[in-house]
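Q: Starting from the given sequences, assemble the full structure and let the hints guide the process.
What follows is the residue order along each chain.
Protein chains: 2
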Amino acid sequence: MNIILVDKLEIQGGRVLLVDRRAKHLIKVLQVQAGDTVRVGIIDGPKGRGKVAALCAKYPFQVELEVQFAEEMAEKPPVDLLLALPRPIMLKRIFSQAAALGVGTIFITHAQRVEKSFWSATLLNEEEYRPHLLQGLEQAVDTRVPEVSVHERFKSLVEDVLPEKIKEYSHLLIAHPGSPATLKTLIPERPGRILLAVGPEGGWIDSEINRFVECGFKSFSIGERILKVDTAVVALHGRLSERRESLS
Amino acid sequence: MNIILVDKLEIQGGRVLLVDRRAKHLIKVLQVQAGDTVRVGIIDGPKGRGKVAALCAKYPFQVELEVQFAEEMAEKPPVDLLLALPRPIMLKRIFSQAAALGVGTIFITHAQRVEKSFWSATLLNEEEYRPHLLQGLEQAVDTRVPEVSVHERFKSLVEDVLPEKIKEYSHLLIAHPGSPATLKTLIPERPGRILLAVGPEGGWIDSEINRFVECGFKSFSIGERILKVDTAVVALHGRLSERRESLS
Numbered sequence: 001m002n003i004i005l006v007d008k009l010e011i012q013g014g015r016v017l018l019v020d021r022r023a024k025h026l027i028k029v030l031q032v033q034a035g036d037t038v039r040v041g042i043i044d045g046p047k048g049r050g051k052v053a054a055l056c057a058k059y060p061f062q063v064e065l066e067v068q069f070a071e072e073m074a075e076k077p078p079v080d081l082l083l084a085l086p087r088p089i090m091l092k093r094i095f096s097q098a099a100a101l102g103v104g105t106i107f108i109t110h111a112q113r114v115e116k117s118f119w120s121a122t123l124l125n126e127e128e129y130r131p132h133l134l135q136g137l138e139q140a141v142d143t144r145v146p147e148v149s150v151h152e153r154f155k156s157l158v159e160d161v162l163p164e165k166i167k168e169y170s171h172l173l174i175a176h177p178g179s180p181a182t183l184k185t186l187i188p189e190r191p192g193r194i195l196l197a198v199g200p201e202g203g204w205i206d207s208e209i210n211r212f213v214e215c216g217f218k219s220f221s222i223g224e225r226i227l228k229v230d231t232a233v234v235a236l237h238g239r240l241s242e243r244r245e246s247l248s
Numbered sequence: 001m002n003i004i005l006v007d008k009l010e011i012q013g014g015r016v017l018l019v020d021r022r023a024k025h026l027i028k029v030l031q032v033q034a035g036d037t038v039r040v041g042i043i044d045g046p047k048g049r050g051k052v053a054a055l056c057a058k059y060p061f062q063v064e065l066e067v068q069f070a071e072e073m074a075e076k077p078p079v080d081l082l083l084a085l086p087r088p089i090m091l092k093r094i095f096s097q098a099a100a101l102g103v104g105t106i107f108i109t110h111a112q113r114v115e116k117s118f119w120s121a122t123l124l125n126e127e128e129y130r131p132h133l134l135q136g137l138e139q140a141v142d143t144r145v146p147e148v149s150v151h152e153r154f155k156s157l158v159e160d161v162l163p164e165k166i167k168e169y170s171h172l173l174i175a176h177p178g179s180p181a182t183l184k185t186l187i188p189e190r191p192g193r194i195l196l197a198v199g200p201e202g203g204w205i206d207s208e209i210n211r212f213v214e215c216g217f218k219s220f221s222i223g224e225r226i227l228k229v230d231t232a233v234v235a236l237h238g239r240l241s242e243r244r245e246s247l248s
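Chains F and Z, in that order, give the protein sequences. Residue 1 is where the first sequence starts when you use the numbering used here, and the numbers rise one by one after that. Residue 1 is where the second sequence starts when you use the numbering used here, and the numbers rise one by one after that.
Hints are supplied without guarantee of correctness; some may be wrong.
For identical chains, the list gives no copy identity; a pair is met inside one copy or between any two copies.
Cross-link-like lysine-lysine pairs, in silico, BS3-like; alpha carbons within 30 Å at most [what the hints assert, rightly or not]:
1. K51 with K228
2. K58 with K165
3. K58 with K47
4. K47 with K116
5. K155 with K228
6. K184 with K76
7. K76 with K228
8. K167 with K28
9. K218 with K184
10. K76 with K167
11. K24 with K47
12. K76 with K8
Since the hints were made in silico from the structure, they are not lab data. This structure is a prediction, so every number in the text was calculated from the model and none was measured.
A: Next comes the structure, spelled out in structure tokens:
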């Protein structure tokens, strides 16, 4: 936890009283004392500093912070993800890692090779997935929560949602093993925002790829190695970031 | 499991009898039948094909494969890692992800900010970590097992081991938040082999960085976000790979 994230409703007269895992972390891990200063951010808002005004160092832990916010929220990250719903344990890790790496929106949809049972995962409720996103932000010192956009019907995503959405992007990309193209060939100049589609274990089927191509997506490969979805998401984000920054 | 890995000692007269998790995977997940062909590789050896000669589809699962190996082992990957010992649960994931991404050698050493208790982890025994490396190779369809080189004393690593080892590399890099350099500035031309050092949670301390710099390492940053070690390893590997391939 490299920043303490608070909801703006928690701030009363320039102070926040923490009584949950954040208080415990400040006391047990960071071992703060009265007068110490820590990084604080408002969820989907600015970043700033919190001065420890009072604390109870024994269970039940409490920390009261005097907070000030002088640093604007970071801009929306330039990469969005479109995922075929992964198994819940993997999706949990992807939520926190994507939030840590910086992702604007995470679209989630069905695909032929997604197990139907994954759609009953409680993790698809905002109440369940939001803590994983916040953990990633706490790690990366960010306050901007990635949007999550869930579309159980693939057809409705590609026919109703994407045609409007894709106007935001300069590049629509699908990672697809065996494709002859690379990021270098597809992104020759400084790109705008990018939407990156990553398939399920076993990959998208041909008709799904075709639907994406009809929407304007281009496929590329990063080599012959087959990666798990969570590894692939982080490795691809790294590659896209490197490609983008090398062209600045 | 996208390839079945076997030890060369398991091959008898062109056949392998599988009775462990590999047999179970072939039967329960891949649902093979007699006559089917699957990808097989010899650990640290060539890749090839295995034809299902016989099987027992009920517990205790058994699969007998007739094997042939026509494809040479992949070359040693161009990136090696040097890690400050991470906590065991994270190291386990790094072993399988690094093997999946392709890494030649994983050096592990101590650092000021590594908890001493991590050194008593059973995971540091080859018998314990090797299965995680093999899982990564099974995922990525590779047979070359990354070397693991453990040096509990940092001083001995930098004074006795690195001076000889570093001759193999064209680039010695440390990921270090706040450094003004980037991969683009440090790797302007097609690189040879690269050794990438990734610090512990909280980072290397200044004197450790200085020792690395004396050995010839150069530090670089990938931005302000603070990443967990396992996320950082995969993201950095992706960035290095993209940088390398864009210069080919």
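Q: Run every hint past the structure and note whether it holds.
A: Hint check:
1. Taking the shortest Cα distances, K51 and K228 sit within 30 Å of each other only across copies (26 Å), while inside one copy they are farther apart (43 Å).
2. In this homomeric assembly, K58 and K165 never come within 30 Å of each other (Cα to Cα): the closest approach is 50 Å inside a single copy and 50 Å across copies.
3. Taking the shortest alpha-carbon separations for K58 and K47, only the intra-copy value of 28 Å comes in at or below 30 Å, while the best inter-copy value is 59 Å.
4. Within a single copy, K47 and K116 get their C-alpha atoms no closer than 40 Å, and across copies no closer than 34 Å, so neither meets the 30 Å cut-off.
5. Taking the shortest Cα distances, K155 and K228 sit within 30 Å of each other inside one copy (25 Å), while across copies they are farther apart (36 Å).
6. For the identical chains of this complex, K184 and K76 are neighbours both inside a copy (24 Å) and across copies (24 Å), given an alpha-carbon limit of 30 Å.
7. With identical chains, the CA atoms of K76 and K228 are at most 30 Å apart both within one copy (27 Å) and between copies (21 Å).
8. Proximity of K167 to K28 under the C-alpha cut-off of 30 Å is found in neither arrangement, the shortest distances being 48 Å within a copy and 44 Å between copies.
9. Taking the closest pair of Cα atoms, K218 and K184 come within 30 Å of each other both inside a single copy (13 Å) and across two copies (25 Å).
10. When the C-alpha separation of K76 and K167 is checked against a cutoff of 30 Å, the pair qualifies only within one copy, where the shortest distance is 16 Å, while the shortest distance between copies is 43 Å.
11. For the identical chains of this complex, K24 and K47 are intra-copy neighbours only, at 21 Å inside a copy versus 52 Å across copies, given an alpha-carbon limit of 30 Å.
12. Proximity of K76 to K8 under the C-alpha cut-off of 30 Å is restricted to the intra-copy arrangement: shortest distance 20 Å within a copy versus 52 Å between copies.
Checked against the numbered hints above, the structure breaks hints 2, 4 and 8 and satisfies the rest.
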